[in-house]
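J.: Below are the chains, spelled out letter by letter.
Protein chains: 2
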Amino acid sequence: MFQLGKQPTNNDKKIVDQLRSLGIDMIDTAKSGHPGIVLGAAPIIYTLYAKHLMINPKDPNWINRDRFVMSAGHGSALLYATLFLAGYKITLEDLKAFRSMDSITPGHPEYKTTPGVDMSTGPLGQGFASAVGMAIAEVYLKNQLKKKIIDYHTYVLCGDGDLMEGISYEAASLAGVLGLNHLIVLYDSNHVSLDAETNVTFTENIKDRFTAMGWNYINVSDGEDIEALNRAIDQAKAEENKPTLIEVNTIIGKYSKNQGTAKAHGTPLDEEDLKQVKEKLDIWDIPFTVSNDAVTEFQRQIEERVDAYYKNWQTKKENLDEESKEKLDLLEKGTYEIKLKDFSYDFPEDLMESTRDASGKVLNEIKNQCDFFLGGSADLATSNKSYLKESGDFSKDNPMGRNIRYGVREHAMGAISNGLALVGLRPFASTFLVFSDYLKPAIRMSALMNLPVLYIFTHDSISVGEDGPTHQPVEQLIALRSTPNLEVFRPADVNEVIGSYKTIFRKKEGPSAIILGRNKVPIQNETKASEVEKGAYIVRMEEGQLHGIIVATGEELSIAIDAATRLKEQGYSLRVISMPSIERFRKEPKEYQEELFPMTVKTFVIEASSSYSWHSFVYNERYLITVNNFGMSAKREDIMKRYHMDVESVIKKIKEML
Amino acid sequence: MFQLGKQPTNNDKKIVDQLRSLGIDMIDTAKSGHPGIVLGAAPIIYTLYAKHLMINPKDPNWINRDRFVMSAGHGSALLYATLFLAGYKITLEDLKAFRSMDSITPGHPEYKTTPGVDMSTGPLGQGFASAVGMAIAEVYLKNQLKKKIIDYHTYVLCGDGDLMEGISYEAASLAGVLGLNHLIVLYDSNHVSLDAETNVTFTENIKDRFTAMGWNYINVSDGEDIEALNRAIDQAKAEENKPTLIEVNTIIGKYSKNQGTAKAHGTPLDEEDLKQVKEKLDIWDIPFTVSNDAVTEFQRQIEERVDAYYKNWQTKKENLDEESKEKLDLLEKGTYEIKLKDFSYDFPEDLMESTRDASGKVLNEIKNQCDFFLGGSADLATSNKSYLKESGDFSKDNPMGRNIRYGVREHAMGAISNGLALVGLRPFASTFLVFSDYLKPAIRMSALMNLPVLYIFTHDSISVGEDGPTHQPVEQLIALRSTPNLEVFRPADVNEVIGSYKTIFRKKEGPSAIILGRNKVPIQNETKASEVEKGAYIVRMEEGQLHGIIVATGEELSIAIDAATRLKEQGYSLRVISMPSIERFRKEPKEYQEELFPMTVKTFVIEASSSYSWHSFVYNERYLITVNNFGMSAKREDIMKRYHMDVESVIKKIKEML
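Taken in sequence, the protein lines are chains H and R. Those letters in the first sequence? Residues 41 to 698, per the numbering used here, in order. Those letters in the second sequence? Residues 41 to 698, per the numbering used here, in order.
Pulled out of the complex, with its shape left as it was, chain H reads as follows (with noise of 0.2 Å):
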């Protein structure tokens, strides 16, 4: 059926006709996807494959590839096809099972699942995004690394969806302000979302805002036309001082009955019009029909290509220097413990400090412990104390900058930590808790991709003071608790700030949250750092016979020992127990857990925080020390008196229920 032609062009079609038959296949297979995408942007997936990503795809993880992102994730099906077609490890039999239980082929694309597949996406934006943290990453490299031996380029294909989300927004001015020439968006433009046709939702001038944001904008006006994509790409690569936008137009559900209309996006063609698109495409009416031919000429220009590149880097990477080859191994084994040394700090034994201030002291310590370790926060780091001193800001002139000046964009900002860490780095991301809200989304993405980034969120309740309830965290501990895979850390003093990092370092794989006071509160002599791993210890044994529990965490902590110390002296023996995270507590054997907490023992709670959390360490709710009301501007003193959560007042409850 399908025979190569004399010319080339003419083997470009049939094999974007090839992966666009194998894709509404796969989704007609599965009774479900997406055949939009797969008709519409078959061929600048193709032409990017085919033309111009320097990848292996016998060797998916070569640390040096070029990067795919389909923020598109809905494309997964082009994708699977793609990557088939391409050589990966990816078999007929995978794209079958497209969407079945515990295939290699998901609903949308799955980061280590799929051979290929450069990241997770669904969610739309959040590739857009987290591209741009590849792209920094590999500036970023290039320069920590010699001989260039880092030199990817990051390319990303999105749609109309991707671009109407503020996230992507945010991700792309930012990329203009630090010129990011090695990324390479690829717009599938066709003017239809799931919903309706975009002239009703989004009409902007897509150039102009691009120019506006200090892009490179080019346009490919026929999507179908192989060499005009060629050209753009071609163009877009030469590009040395801005990141590049390629608007495509495409026409959705190319050679469908419902092509053009926002019916082509989200459900399989019924049979016939399956039948006729196959007949249009000159492909047999026989499910998965694959040619030798397209198969053969695919992986021909991808390996004439890449070949000689990929060996000749091979021997460069021979060549490094030591310390250049010691980092590249971290990199390649892509994930990695950090074993921080010893901090060591003289303090006053009577030293009043936030846990904020602390940890601006160890992330500077970590600093000098790790090349990879590099972040920024949302326009706070100054009150976030995240700022890594000496070390500069990253930019065009200063790739070696290790502080990334996000502004105000919580959002991409978690995105690109993503995108950090899927190259291998380390990074950190900063903001005040109560926005960890509208980072959320990129948050969950991490926690998906088990990746490890750290985000490290001060001002952390109502505690907060005068600038009162929009200010104030009260739900946002119970959101990043529940979230899956994420762990939290909610430090009492310096000690357990240290045992939270030390922690966080340690692990290899898995988003970390560390959650900061602005507080001056005093150092605990109970507090350990060593403890901090177990997730809770006794910070205050009780004397003689026990008759209480008292859990806090961070600030609250030095509320409850004083509880603890002055009900101590009208006859009450309490045990005060340090939970900095309960999610590690939680993985602990069943035996610590029990020590810490003997059965019929009354336990109290102090978080300046929803219930939520807690309810499962208590008999009764009435014995939880906490807040679930907005809070409000005031003096931290007067709020934490009305909310019944300083020393008099918890010592008055915790009496009553004793």
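Note that these hints are calculated values from the structure, not bench results. Some hints here could point you the wrong way.
One copy or two, it doesn't matter: identical chains are merged, so the pair holds either way.
Unchecked claim - Keeping only pairs whose Cα atoms sit at most 20 Å apart, straight-line, the calculated EDC-like set for lysine to aspartate or glutamate is:
hint: 1; residue 1: LYS188; residue 2: GLU280
hint: 2; residue 1: LYS642; residue 2: GLU661
hint: 3; residue 1: LYS303; residue 2: ASP397
hint: 4; residue 1: LYS436; residue 2: GLU237
hint: 5; residue 1: LYS436; residue 2: GLU244
hint: 6; residue 1: LYS303; residue 2: ASP433
hint: 7; residue 1: LYS320; residue 2: ASP142
hint: 8; residue 1: LYS188; residue 2: GLU358
hint: 9; residue 1: LYS548; residue 2: GLU264
hint: 10; residue 1: LYS574; residue 2: GLU377
hint: 11; residue 1: LYS379; residue 2: GLU264
hint: 12; residue 1: LYS401; residue 2: GLU634
hint: 13; residue 1: LYS547; residue 2: ASP411
hint: 14; residue 1: LYS568; residue 2: ASP602
hint: 15; residue 1: LYS136; residue 2: ASP678
hint: 16; residue 1: LYS692; residue 2: ASP369
hint: 17; residue 1: LYS429; residue 2: GLU237
hint: 18; residue 1: LYS675; residue 2: ASP134
hint: 19; residue 1: LYS675; residue 2: GLU133
hint: 20; residue 1: LYS548; residue 2: GLU623
Using the hints provided, position chain R relative to the given structure of chain H.
T.: Just chain R now, kept in the frame of chain H:
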């Protein structure tokens, strides 16, 4: 000290400086706040209030007032000083109590706390985006009510931070599509944000970006030039087809020794600086010095401009037709309940219907019963079943359209809904539950302001199926339930869907979220619409001795009922409780709660979502049949089995533990 000069511009300058001095006095007294914007943007807010805003300080809730949104909420001191001077019910004592407990002058503007404050702001970008909602409401109401009885402008003061946030981009893009010419944004462009100058973060060409989005753009190059500001606002008001952005070049912290730098942003001036600023302003260095002349002249300008217009409006109101008058009454009340008349559906007893489908029918009934009910989806109306049939799409050409095509802009959708509600409408906003993360910061604003926004979230658990983990919510329900003031409903079938909506519309205040499934489930004989308002009720009574209780919500209720039926056959007598709303149930009298849950009876909970919602209902978390990991891409049935959420697994687990 203050003397009215001959030149009006001199008077202007004097009043502007009066605002400045009051603002910095407030911050100095509170020992916290943001002097940068007070000193930099005073001429902007002055020009607006003195020469343009159609407001009546004696009738701050006047329904046809021009709206003013201080999107840069940290400029609260400037706003309060302006409102004081304009004659709102704010005393000098109130200004002195800035940021202190129970004052009406909190750290960031709070809706319903301070007369003249049209919305709570602080989290950047929210104000800008909600203003778009206010502007949409104006267009809608102008056409819903006769005689242009609603015919106001919406003004925004925003800063660099607002414009960097993705939410403001989303909202601006939509405002451009909709051609909201009564929306006028004043952009305090000072090139400085908290951490640094914007040349390292925000280098966009704002003119080109906004023009590309269909906005009218005007530049005022000298932010001290009242005449130029005045002319720019006049020009903006004359624009008939587009929203306007007026970029005003200002100097942050003007007159301070730190002027023009990030240091001027968020720290009170030191004593010496305060003193020299006062000198430059030519105002006595006695805190809270107020010039009578300034007050008189400011209020004279407002009265001269507004008085006749306001009186004329009252006359117009008296002569309004009955229907318009009724509607206006409702709007003027501000909060009102909507008693939905009975719905009745003919459906066969064995009907299988998804709750999203049931919801779609009910929404279309509500539409017929309430003209103020309107809303939209973030490009998922087709999947959310939230399209109001025969009501058309809202647009410039169809201002009575009640479907707002938000595009893929969840965050702006939430904030715009807040704006609609602030004017008195009853908006809904819909998307997939997993994407509620994208708009959580806006949901929080609904909750903080206690606005009756209805959030419709479909595709509510791992049962989404093939789309996989990026599309399957796990932690979203607890994130919503833990948000103060927000009531969450997860109905089990059409009966409970009806009951949920009835309960929601009877509420005068406060946001609600309804959580819906995409899978066909049986209509239960035992569910009752009328019971939903209690939050929980018995759907299946035990027979004889009570062995245990099963609580379930949403799609899982049918699993619970099936399991109870089958366990009954095996000799176990179980009570089944449906709990569509935990928050409602918690508000019920203790007796009712204890009637449903007798002490010492084993309680099991079935909900395909995070355990955290349910710990307080069980003695041991082993009794929770919930989901605490990310989902997967597969058929629904396969997933439910894998996660032990199918009937067989549930029966097995309960039997083991009884």
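J.: All the hints need checking, so say for each whether the structure fits it.
T.: Each hint, compared with the structure:
1. LYS188 - GLU280: Within one copy, since 16 Å is at most 20 Å while 55 Å is not.
2. LYS642 - GLU661: both (11 Å within a copy, 18 Å between copies)
3. LYS303 - ASP397: between (55 Å within a copy, 19 Å between copies)
4. LYS436 - GLU237: Only across copies: LYS436 and GLU237 sit 17 Å apart there, 38 Å inside one copy, limit 20 Å.
5. LYS436 - GLU244: between (29 Å within a copy, 16 Å between copies)
6. LYS303 - ASP433: between (47 Å within a copy, 18 Å between copies)
7. LYS320 - ASP142: neither (34 Å within a copy, 72 Å between copies)
8. LYS188 - GLU358: within (13 Å within a copy, 77 Å between copies)
9. LYS548 - GLU264: neither (44 Å within a copy, 55 Å between copies)
10. LYS574 - GLU377: For LYS574 and GLU377, only the intra-copy Cα distance (17 Å) is at most 20 Å; the inter-copy one is 51 Å.
11. LYS379 - GLU264: Intra 52 Å, inter 56 Å, cutoff 20 Å: neither.
12. LYS401 - GLU634: neither (35 Å within a copy, 52 Å between copies)
13. LYS547 - ASP411: within (17 Å within a copy, 56 Å between copies)
14. LYS568 - ASP602: Classified as within: same-chain Cα gap 18 Å, cross-chain 51 Å, threshold 20 Å.
15. LYS136 - ASP678: Intra 64 Å, inter 17 Å, cutoff 20 Å: inter-copy only.
16. LYS692 - ASP369: neither (58 Å within a copy, 49 Å between copies)
17. LYS429 - GLU237: For LYS429 and GLU237, only the inter-copy Cα distance (18 Å) is at most 20 Å; the intra-copy one is 50 Å.
18. LYS675 - ASP134: between (61 Å within a copy, 16 Å between copies)
19. LYS675 - GLU133: Classified as between: cross-chain Cα gap 18 Å, same-chain 65 Å, threshold 20 Å.
20. LYS548 - GLU623: Within one copy only: 16 Å inside a chain, 39 Å across chains, cut-off 20 Å.
Hints 7, 9, 11, 12, 16, counting from the list given before, are not met by this structure.
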